[in-house]
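Participant: Between the sequences and the hints, there should be enough to build the whole structure, so can you do that?
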Amino acid sequence: MNSSKTWTRYILPGILLASGLFMIAVGVTRGEALTVFAKAARVCLECIGIG
Amino acid sequence: MRTWVQAVYTALTNAYAIGFVKGTVYKGPIKSICVPGLNCYACPGAMGACPIGALQAVLGSSKYYFSYYVVGFMIAFGAICGRLICGFLCPFGFVQDLLHKIPFPKKKIATFKGDNQLRKLKYVVLAVLVVALPMLLTNEAGVGSPWFCKLVCPSGTLGGGVPLIAVNEQLRGMIGWLFSWKMLVLVAIVVLSAIIYRPFCKYLCPLGAIYSFFNKVSFYRMGIDPEKCVNCGACERACKMNVPVLKDQNHPECIRCGDCKRACPKGAIYSGYVRSGAHKIRRTDKADLA
Numbered sequence: 001m002n003s004s005k006t007w008t009r010y011i012l013p014g015i016l017l018a019s020g021l022f023m024i025a026v027g028v029t030r031g032e033a034l035t036v037f038a039k040a041a042r043v044c045l046e047c048i049g050i051g
Numbered sequence: 001m002r003t004w005v006q007a008v009y010t011a012l013t014n015a016y017a018i019g020f021v022k023g024t025v026y027k028g029p030i031k032s033i034c035v036p037g038l039n040c041y042a043c044p045g046a047m048g049a050c051p052i053g054a055l056q057a058v059l060g061s062s063k064y065y066f067s068y069y070v071v072g073f074m075i076a077f078g079a080i081c082g083r084l085i086c087g088f089l090c091p092f093g094f095v096q097d098l099l100h101k102i103p104f105p106k107k108k109i110a111t112f113k114g115d116n117q118l119r120k121l122k123y124v125v126l127a128v129l130v131v132a133l134p135m136l137l138t139n140e141a142g143v144g145s146p147w148f149c150k151l152v153c154p155s156g157t158l159g160g161g162v163p164l165i166a167v168n169e170q171l172r173g174m175i176g177w178l179f180s181w182k183m184l185v186l187v188a189i190v191v192l193s194a195i196i197y198r199p200f201c202k203y204l205c206p207l208g209a210i211y212s213f214f215n216k217v218s219f220y221r222m223g224i225d226p227e228k229c230v231n232c233g234a235c236e237r238a239c240k241m242n243v244p245v246l247k248d249q250n251h252p253e254c255i256r257c258g259d260c261k262r263a264c265p266k267g268a269i270y271s272g273y274v275r276s277g278a279h280k281i282r283r284t285d286k287a288d289l290a
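Protein chains in written order, with our numbering: chain A, 1 to 51; chain B, 1 to 290.
For the record, the hints were derived by calculation from the structure and aren't laboratory data. Note that this is a predicted model, so its numbers are computed, not measured. Just so you know, not all the hints are guaranteed correct.
To be verified - What follows is a list of derived Cβ distance ranges for each label pair:
1. A:8 - B:246: 15 to 21 Å
2. A:28 - B:1: 33 to 39 Å
3. A:28 - B:62: 18 to 24 Å
4. A:18 - B:132: 25 to 31 Å
5. A:7 - B:172: 51 to 57 Å
As the list claims (entries may be wrong) - With a cut-off of at most 30 Å between alpha-carbon atoms, the simulated DSSO-like pairs for lysine-lysine come out as follows:
6. B:247 - B:266
7. B:266 - B:107
8. B:266 - A:5
9. B:113 - B:247
10. B:27 - B:63
11. B:107 - B:247
12. A:5 - B:216
13. A:5 - B:228
14. B:107 - B:261
15. B:261 - A:5
16. B:120 - B:216
17. B:106 - B:261
18. B:240 - A:5
19. B:101 - B:240
20. B:106 - B:240
21. B:108 - B:120
22. B:113 - B:261
23. B:266 - B:240
24. B:216 - B:247
25. A:5 - B:120
26. B:247 - A:5
Backbone N, C-alpha and C fix where the C-beta goes; we use that ideal spot for every residue, glycine too.
Facilitator: Structure, rendered in structure tokens:
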């Protein structure tokens, strides 16, 4: 497998996955998970066509 | 098999059955975790958070201008699967697949003039309704509304609105023009789904728009073994998303349903996380060798 294919096949997805997991961790420390929970754990009136 | 995966996944991620009876939503701690597909968190059964709804909630809050948490989930899911999520792990995609199986009308519309251009609309929906409006149109408290959920999302109407309003009398008393509009959007997509394959996914879904960026860079890949392919075009004829399979097996519009793979008479199309499947001899090849 040449280096270009190795890059798109394994390295780039690996970097993206690691970045995604890192960003999730950053978001948790910033309190974003609590913001998501506060919205998701209530009946979202806008979502159901009322609010 | 795909239908079973979709059914089991939908059941697992909407397992809070008591919510349908009581007209409430699940409030457990895992509700803060984003699920990969479009699954409204207002659905009484929903166990997790819709990534698009969650993104608008964070962008529209007065505390944040960017959501590392939700975008992180989308990047992680995209890097692992690309639009395989659309094909296997999206409840509303599953609903559209079932609707398209209805044998009426007999002649389905595979494509039409302007189809390719209309596919760009989902990127506009993402940029405007999901990102820009929640951030820019805020009230006195600095809070923005989830405009995509509010004006468009049929998953919220079907999965959340209809079951909650059916059971919850208090919510039923609050119905107004917005509910009528959302029902109109839902009915239009339901009717169109019987005629055109996955119209919401093709033209409107902002989550599909996001995952489309990852098809070429995800761990999950599709490809064609050039030693087996005879360029018969059976794969392209089988593809209901109108992907040019022979030219690009990881096209942004590909939802990785595998229809092309099943249609290939030579077993030339492979998919997965490793390429070992491409070297297995399929039954058709054994027959050719005999």
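Participant: Each hint: holds or not?
Facilitator: Verification of the hints:
At roughly 20 Å, the beta-carbon separation of residue 8 (chain A) and residue 246 (chain B) lies within the given 15 to 21 Å, and the hint holds. A beta carbon spacing of about 35 Å between residue 28 (chain A) and residue 1 (chain B) agrees with the range 33 to 39 Å that was offered as a hint. The hinted window of 18 to 24 Å between residue 28 (chain A) and residue 62 (chain B) holds, with their beta carbons roughly 19 Å apart. At roughly 29 Å, the beta-carbon separation of residue 18 (chain A) and residue 132 (chain B) lies within the given 25 to 31 Å, and the hint holds.
Between residue 7 (chain A) and residue 172 (chain B) the C-beta distance comes to about 56 Å, which sits within the given range of 51 to 57 Å. This hinted pair checks out: residue 247 (chain B) and residue 266 (chain B) have alpha carbons roughly 17 Å apart, not beyond 30 Å. Note on residue 266 (chain B) and residue 107 (chain B): the hinted pairing holds, with a Cα-Cα distance of about 28 Å set against a maximum of 30 Å. Taking the CA atoms of residue 266 (chain B) and residue 5 (chain A), the gap is near 25 Å; set against the 30 Å cutoff, the hint holds.
The hinted pair formed by residue 113 (chain B) and residue 247 (chain B) meets the criterion: a straight-line CA distance of about 21 Å does not exceed 30 Å. At roughly 23 Å between alpha-carbon atoms, residue 27 (chain B) and residue 63 (chain B) fall within 30 Å of each other, so this suggested pair holds. A distance of roughly 27 Å separates the Cα atoms of residue 107 (chain B) and residue 247 (chain B); the hinted pair therefore holds under the 30 Å criterion. With a C-alpha separation of about 11 Å, the suggested pairing of residue 5 (chain A) with residue 216 (chain B) holds against the 30 Å cut-off.
A distance of roughly 21 Å separates the Cα atoms of residue 5 (chain A) and residue 228 (chain B); the hinted pair therefore holds under the 30 Å criterion. Note on residue 107 (chain B) and residue 261 (chain B): the hinted pairing holds, with a Cα-Cα distance of about 23 Å set against a maximum of 30 Å. A threshold of 30 Å between alpha carbons decides the hint, and for residue 261 (chain B) with residue 5 (chain A) the separation of about 22 Å falls inside it, so the pair holds. With a C-alpha separation of about 18 Å, the suggested pairing of residue 120 (chain B) with residue 216 (chain B) holds against the 30 Å cut-off.
A C-alpha spacing of about 25 Å is found between residue 106 (chain B) and residue 261 (chain B), which places the hinted pair at or below 30 Å, so the restraint holds. Between the alpha carbons of residue 240 (chain B) and residue 5 (chain A) the distance comes to roughly 28 Å, so the proposed pair stays at or under 30 Å and holds. Annotation: proposed proximity of residue 101 (chain B) to residue 240 (chain B) holds, straight-line Cα distance about 12 Å (limit 30 Å). In summary, the hint linking residue 106 (chain B) to residue 240 (chain B) is supported, as the alpha carbons are separated by about 15 Å, within the 30 Å threshold.
Among the hinted pairs, residue 108 (chain B) with residue 120 (chain B) is consistent with the structure: their alpha-carbon atoms are about 22 Å apart, no more than 30 Å. Our distance criterion of 30 Å between C-alpha atoms is met by residue 113 (chain B) and residue 261 (chain B), whose separation comes to about 27 Å. Distance hint between residue 266 (chain B) and residue 240 (chain B) is fulfilled; the C-alpha atoms sit about 20 Å from each other, no more than 30 Å. Note on residue 216 (chain B) and residue 247 (chain B): the hinted pairing holds, with a Cα-Cα distance of about 13 Å set against a maximum of 30 Å.
Proposed proximity of residue 5 (chain A) and residue 120 (chain B) is supported: the alpha carbons are some 28 Å apart, at most 30 Å. With a CA separation close to 17 Å, the supplied pair residue 247 (chain B) and residue 5 (chain A) stays within the 30 Å bound.
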